[in-house]
Amino acid sequence: MTPARQAWESALESYRAPGVEHARRYRIAHHRVEVRSPSPDLLETMTRALEHLRDDAPGPCDLSVRLWSDPVWRGPWQEGDQVARGLLPGWCSPELTAVHDGTLTASLVDHVRGRALHWIRRPEELADQLAAPLLSVFYLFFRARGLQLLHGAALGLEGEGFLLLGPGRAGKSSVALDALGHLAFAGDDYVLVDPEGPTAYSLYRTLKVRDQEVRWLEAGLAHRLALRAAVVCVPGEELSLTRCSRAQVLAGTAAGSLMLFPDAGQPDLERLSRILSRLECYRLSRGPKGPARAQMLLERTMCQG
Amino acid sequence: MPESYCLNSPEVVSETIDGEAVVVNLAEGIYYSLQDSATDIWELLLSGLALDDVLAHLERRFEAPRATLQSELSRFLGELRQEGLLRERPEPATAQPSELAAPKPFQPPRLERFTDMQELLALDPIHQVDEARGWPQQV
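From first to last, the protein sequence lines are chains A and B. Take the first sequence: its letters are residues 1 to 305, numbered as in this note's numbering. Take the second sequence: its letters are residues 1 to 139, numbered as in this note's numbering.
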């Protein structure tokens, strides 16, 4: 048995122990996704951020995720087997990727067969993860289908919109927060992008208010936005929104979008570049007046021509 | 064997758009921007040519004395290696990159370095997890 298969069987054995399964279904970027768990409470907690994409219609699923909690299971791997971003290269195969996100969760993703196992040590230990659950699972599954998970926001009006990107603390979350009620959100911290179009697809209905606070959006959500532009937020003294090169946007967002996901690398950067090559690129300095004026400037430029 | 280099992958990734190169060191959380002559040198080095051939291409592309180009190539290569962006190839490539129609003025290459993403790396769940509070709370 290969290490990858051994890891899968070990996880499946731990998952099967409770016996009964509960399930919910979603439609994410044209893909049918099913999440199953022995615990209805855990299922509720872990899928709260996906609720706006709920679609319980019967039929085959493209991705089936089984999630469970087990405070004892640790996987067959050893502590030193993990590399950056939790990847377990010695426990992966061409079809299966194993990720141990710290000591709290682990994901095994068979992106060829469209199935995944997601282990959680103790649900009460999960904090901000609940705002963006199953991140590694979705990144790996959608990457295999040509979609790029981006660290950034997608906002717009009437089905068209723009990406709001940038390095940490550049102000994109506060600008996005101020756009609430003015623009529709496909996503705040994470968004799925199909380079064809390109089109942004919603994944989570959460909005980061501050580092430790999350707002759960009930309205103003867009399931998809045809992208027209990409805006990179940069620190600056004056409020300005100016055209810039695609390389400037790529530089401002590539590291953040690649460093958060396991096994991300050169193909992801090339896909990002392909997405940006089809968009108008801008840099936004929100200046000292705060995000409100930046939001107005964005809305005027991006959504009113 | 003549000296030649390649991208230090998979830790380092690189993409060139419209004459500007973006390079990301995923292991260190640092990204770089290269423009003008820096992009030319970067692309020539990534093509795997021996250093003598890289210099020969630079002479055809830029209006500058060979000694200046050689000195700047050496300095810039040292900087790229210092940052861990390149590693030595076992042997040089033989394929030749395409040439521009006419030489252009030469400005010394610059490597712009950005470290603001390192704080994201500090949130890497593998390295900095508060056992009691969970990811992504820093220790």
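Accuracy of the hints is not assured; some may be wrong.
Said to hold, decoys possible - To spell it out: a stretch of chain A is covered by chain B in this simulated footprint if at least three of its residues, at any positions, have a beta carbon under 8 Å from a beta carbon of chain B; those stretches are:
1) 52–63
2) 192–205
What the hints assert, rightly or not - Some residues of chain B that are not near chain A, with every Cβ distance over 10 Å (derived):
3) D18
4) G29
5) L86
What the hints assert, rightly or not - Simulated restraints on C-beta separations:
6) G19/A <-> R113/B: 19 to 29 Å
7) Q35/B <-> R5/A: 45 to 55 Å
8) R274/A <-> A93/B: 43 to 53 Å
9) R75/B <-> R27/A: 53 to 63 Å
10) G84/B <-> R5/A: 27 to 37 Å
Everything labelled a hint here was simulated from the structure, so no lab data went into it. Because the structure is a prediction, the values reported are computed rather than measured. Backbone N, C-alpha and C fix where the C-beta goes; we use that ideal spot for every residue, glycine too.
How the hints compare with the structure:
1. Closer than 8 Å: that is the beta-carbon criterion, and the stretch 52–63 of chain A has 0 residues meeting it against chain B, so the requirement of 3 is violated.
2. Counting residues of the stretch 192–205 of chain A whose beta carbon lies closer than 8 Å to any beta carbon of chain B gives 0, which falls short of the minimum of three for the stated coverage.
3. The claim that D18/B is not at the interface with chain A is violated, since a C-beta of that chain comes within 10 Å of its own (minimum 6 Å).
4. With a cut of 10 Å on Cβ distances, G29/B falls inside the contact zone with chain A, its closest approach being about 6 Å.
5. For L86/B, the requirement that its beta carbon stay farther than 10 Å from each beta carbon of chain A is met, with the minimum near 15 Å.
6. The hint said 19 to 29 Å for the Cβ distance between G19/A and R113/B, and at roughly 55 Å that hint is violated.
7. Checked against the given bound of 45 to 55 Å, the beta carbons of Q35/B and R5/A, roughly 48 Å apart, stay inside it.
8. A hinted range of 43 to 53 Å is violated for the C-beta pair R274/A and A93/B, which are about 25 Å apart.
9. Between R75/B and R27/A the C-beta distance comes to about 55 Å, which sits within the given range of 53 to 63 Å.
10. For G84/B and R5/A, the Cβ-Cβ distance of about 35 Å falls inside the hinted range of 27 to 37 Å, so the restraint holds.
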